[in-house]
Amino acid sequence: MSWQMSLSRIYVAFGCCTMVANLFLMAPRGWAQATSPSPQQTTDIVYRALAAFNKGCALLEQYEYSAASKQFEAVLKEFPQWTAAKFNLGLAYLNMMEDAGGKEIINQAERLFQEVARENPQLIHAWYCLGLYYEHVGQREKALEAFQKAYQLDPQDPHICLKLAEAYLAMQQNEKAIELLERAVNLDPGFVSAIYRLALQYQRLGKRDAASKLFERFRALNQAEVAGGSFTVRKIYGSAGKYYYALGPDMLPIVRQLDTDAHAATPVFDPESRELVKMGPPWRAGQISIEIGGVAVADLNKDGILDLVLSGVTNDHATQVLFGEKNGHFQPGEILATQAICAAVGDVDNDGDVDIWIGGAGFVRLMENDGTGHFKPFSGTGASMTGDFTALHVRLLDIDSDGDLDLYASRFNSNGEALAPLLLINNRDGTFEEKAAAWGLGTPQFSAVATSWLDIDNDRDLDLILASGKGSPVIWLNDRAGAFRIVKGSDAGLDVPGVSGLTTGDVNCDGRPDLVVLSSGRVRLFLNQGACRFREDEAFARQVGKLGGTIAQLADIDNDGDADLFIADTYLPNGARQPVILLNSWPKPGFVNLCQEDPRFLFCGVRNQGNTAGVLADFDGDGGLDVLIAPLSTSSVWFRNCGSRGNWLSLDLAGTRYTDQKSRSNESAIGARVEVRSGQIFQQWDVGQIAGSTCWAPLRLHFGLGHQQEVEWLRIIWPDAVLQSEVSIKANQVASIGEVPRKTSSCPHLFVWNGDRFEFVSDFGGKGGLGYLIRPGVYAQPYPVEFVPLPRIKHNNDPIVCKIIEPLEEVVYFDHASLIAVDHPAGTFVLPNEMMPVSVTDIPEEILCFGEELDPIAATNDRGKDVLALLKRIDRDFVGPTEQDKRFVGYAKEHSLVLQFPDTLDRWLESGRRIFFIGHGWVEYSYSQTNFAAAQAGLTLRAPTFEVFRDGKWIELIREAGYPAGVNHWMTLELTRLLQKGDRRLRIKTNMDLYWDRIFLAATIDGAIQQSEIHPRLANLTYRGFPRECSPDGKQPTLLDYESIDLTLPWKSMPGFYTRFGDVTELVMKRDDAFVIMGPGEELTLQFDVGQLPEPPAGYVRSWILKTDSFCKDMDIHTAAGDQVEPLPFHTMRSYPYSLPEKFPETPATIRARTIYNIRWMGSRNNGPSNSISKSER
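For the sequence shown, the numbering used here assigns the number 1 to the initial residue and increments by one for each residue that follows.
Hints in this document: simulated from the structure, not taken from any laboratory.
Take these hints with a grain of salt, some might be off.
To be verified - In silico lysine-lysine, DSS-like type, Cα no more than 30 Å apart, as pairs:
{"no.": "1", "residue 1": "K865", "residue 2": "K1107"}
{"no.": "2", "residue 1": "K1070", "residue 2": "K1035"}
{"no.": "3", "residue 1": "K207", "residue 2": "K278"}
{"no.": "4", "residue 1": "K981", "residue 2": "K302"}
{"no.": "5", "residue 1": "K435", "residue 2": "K893"}
{"no.": "6", "residue 1": "K546", "residue 2": "K470"}
{"no.": "7", "residue 1": "K1107", "residue 2": "K872"}
{"no.": "8", "residue 1": "K149", "residue 2": "K176"}
{"no.": "9", "residue 1": "K981", "residue 2": "K872"}
{"no.": "10", "residue 1": "K730", "residue 2": "K302"}
{"no.": "11", "residue 1": "K213", "residue 2": "K376"}
{"no.": "12", "residue 1": "K953", "residue 2": "K872"}
{"no.": "13", "residue 1": "K278", "residue 2": "K213"}
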């Protein structure tokens, strides 16, 4: 197929819609109707417009809305009737409300959506986004009308059901709303938004049992939600369901002169095939006849060249490694097992190299890579076993979505009867647990001869197709949080008994993975219709179905931008077997069989003996996919693709973040979906897909680009559901991409006007964190009150102004603030009795005055290194962990700090004064998701434990006392009654990623201070943006620069009601659960009138301490209720999230806050529960 022909592809991008549109036959703007432009002129302008269009889409996904709008505006200047460009420009405008002239800009979005809807009344996206717009601006009747039209067009979409339900609720039509909410939950049992909203409605109707069940389901989903939260209309597009994504270049107005009959170059393979190792003969495992070998492909020794893992080698039926070389040759490596049938490859221990999971007669075995391509049996437990079974199929997958690969193996007894499969869950501590039954796979029907692990229904969680070899396939449909459904193949349109192999890929370029099934001597193509439904392509069956085969792989063999099909062992009429390549004719229907098209094609003369393993991969790195076949009883051989070809791009993905080497998705990125667009080319591939039954496509993805010189828009949906886009990647290279390092949760950050500028003070409010998962099922207790010492301020009796900004993916519930003026004798210093408490929870709210500081005279870390100089002053030179635990953010290998103090300590002890340990430093917080994964590895985060060396041994003083609560934080810990005369050495032990900048002991001076507490004169909420990170000295941690602002960043925002912008002084005057509710990028300004205070007494100086009372909640996938504003916290709650009969207090203050202040809806109400009560419901 030629690149010219590819211009007539008409489809909607990235799975947003399956509509195929007609071509507009019109010229670009500015050309007279009588003008007949040359084909080259037309080609140039079309491709310029396509490049701008694709870059605009990529910029949308990078949250650069203004830049995206300029690209779409440029497109529409040339092609003003291009529907997709109009719609996408509307999306960009809708997300630019914080730009200058934002109100007028988003009104332009309404105009564009209306225009698109008039021109294309069947385009669901237009009606859906109109509804979102009207909802955002408060036009409830129009929102209802728009969502009704969207529902008429697609009543099967759960997001539309939810939006329409909410529109009915806003109009007080509750019965209709409940019907739609029930429908949404039935359509998607993992749709946490609809579950919560329905639970609330049941609760209001008095259906307590039904409500309780839904609330329990909601809590389970919040502990393991794949992608909690929703993008706000103001901030980001893309997570309000599939109809809130950018459209691809459908309805492209081009002239017909571009269509030609030219074809892409036919692949040519070198007739001098290269033999590798000899495969063994067919053999028997008990009564099971093993008639095929196995192939897996990956870069095993990290030299950039693809290597092979062959199973069935020699008469011992061995699994052997073969290392690729630059010249295309292979060097045989070590034999890893005998009596082996197949192997799967992936980085099981997330250490940066590829491991091998092998199945065979009587065993499964995990082989661990030492980093150089040498393997040994895995050193942990539970990953290998022997027994009276044969493992016919193995695969690697992250079934529990915790960022590491789990192990699956089918099992059959010696008579060939299926046994329950093995599902070994990776605990990430070197141990595995068998949990097939717990994940619904514990019966023989789930022992498969072929599986596919991918997002079948495009809901951003990964599903599993299992083909048992007898009945039709079954689908393990992931509903998240350990919930799943088993769908019969016949119910999904896959009524195909006797499946021997399968492979997946997007054959018709509609953004949905299709399925090629090999069964009963036939090959069949099933097109994905969405909603877990497939339809057989009958034309394909008539054309090539009789070819059959057992091993097949979809890949772009001719680099023209679509998925071709390779079958290693088709059947010829005389019973012989032959490898075949079928070139996809897209956008025309059908495939071209090269062996029938051209009798000179090399494979016309190639014959196999029986079932044959095989795979496509670019072994020599020249951009062409080569063919390897490994028939039993003869040598395995590979054929070099040596013909002319289109441009290409290969991708190596890594789930570990390159910048700090912390894992979020599995290192091999198995389960990631990658989509590329350049010009009219669109391709989609998933990492880790099967090629038949015993063979695997390379982990390295290959994309054909035709004549395109670069990828204009590349999208990755990582296994943890993070969306990542890249722009303008040059063609003809192997590119490596790591998952973007997004620190998504933190705490509100405090700035204060120091007389010259707004100075960053610290983060705060981490003590009041809500729903923070310590370990599965256990959440931290929030402590909302925090005292923050302020730096020296030159105020000249002018008001002191504090700025509180939420810079990341959180919601803040701010209740009360006051400024404390502390007058104390010159030469002393004051600190609040403050830290993040763990075991020490009875800390009085007090401000302490200290005189002299008692510095340690010696300090060593756990490796004996002298670190005393690092603790002498606050200079951002820290004492930290000697080794981080790179598996888990916020964790380190246990480390200790030994401090020795002088004899002066005895005199202090005799004085009877209160003695405190005082430390200044910072902590890298772990996430709820990290703690969940660490718990599976048998780890828990251990706060600093304090010990004293006494009587020749270390004695524990306080176990897991607490730690500095963020960045630039003090920690005070009273040791008065714990230390004894003669104690000199203290030891601090922890496994936290914790850093000390200054440490000393201090004794209090009683009765020396005078305090005055001032309430804000003014409090105002507004949108600020996101202060950029900076490091004035190049050291960690990074700080925030108040003056350097990003107006938008890729953070999600919880849906719900936030505080309207403006004066909020009333809400912060006292502690009463009447919150200022603020979201990402928003700023609370507090102004304190200090001119009323008298001057400090003679000989005294004044320090300032800000007292705050607030809660905060991040959107980590395991944070409880981490994807919606509600349930609102309150100070007397026993836990969070709370359950009936506890409920948020209804007081005059909270009712006033809810009805007058907290009336600003933000968020799409789709990915997170819409749990706030609308104004009409109040």
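Cross-check of the supplied hints:
Proposed proximity of K865 and K1107 is contradicted: the alpha carbons are some 39 Å apart, above 30 Å. For the proposed pair K1070 and K1035, the alpha carbon gap of about 39 Å is over 30 Å, so the pair is violated. Distance restraint check for K207 and K278: the Cα-Cα separation of roughly 69 Å exceeds the 30 Å cut-off, and the hinted pair is therefore not satisfied. For a cut-off of 30 Å, the pair hint linking K981 to K302 is broken: about 59 Å separates their Cα positions.
Only pairs whose Cα atoms come within 30 Å are accepted, and K435 paired with K893 is accepted, the gap being roughly 29 Å. For the given pair, K546 sits about 20 Å from K470 by alpha-carbon distance, which is consistent with the 30 Å threshold. The hinted pair formed by K1107 and K872 meets the criterion: a straight-line CA distance of about 28 Å does not exceed 30 Å. Simply put, K149 and K176 have alpha-carbon atoms about 15 Å apart, close enough for the 30 Å limit, and the pair holds.
A threshold of 30 Å between alpha carbons decides the hint, and for K981 with K872 the separation of about 25 Å falls inside it, so the pair holds. Distance hint between K730 and K302 is fulfilled; the C-alpha atoms sit about 22 Å from each other, no more than 30 Å. Under the criterion of a C-alpha separation no larger than 30 Å, the hint pairing K213 with K376 is inconsistent with the structure, at around 48 Å. In summary, the hint linking K953 to K872 is supported, as the alpha carbons are separated by about 27 Å, within the 30 Å threshold.
Straight-line distance between C-alpha atoms of K278 and K213 comes to about 59 Å, which puts the hinted pair past the 30 Å bound.
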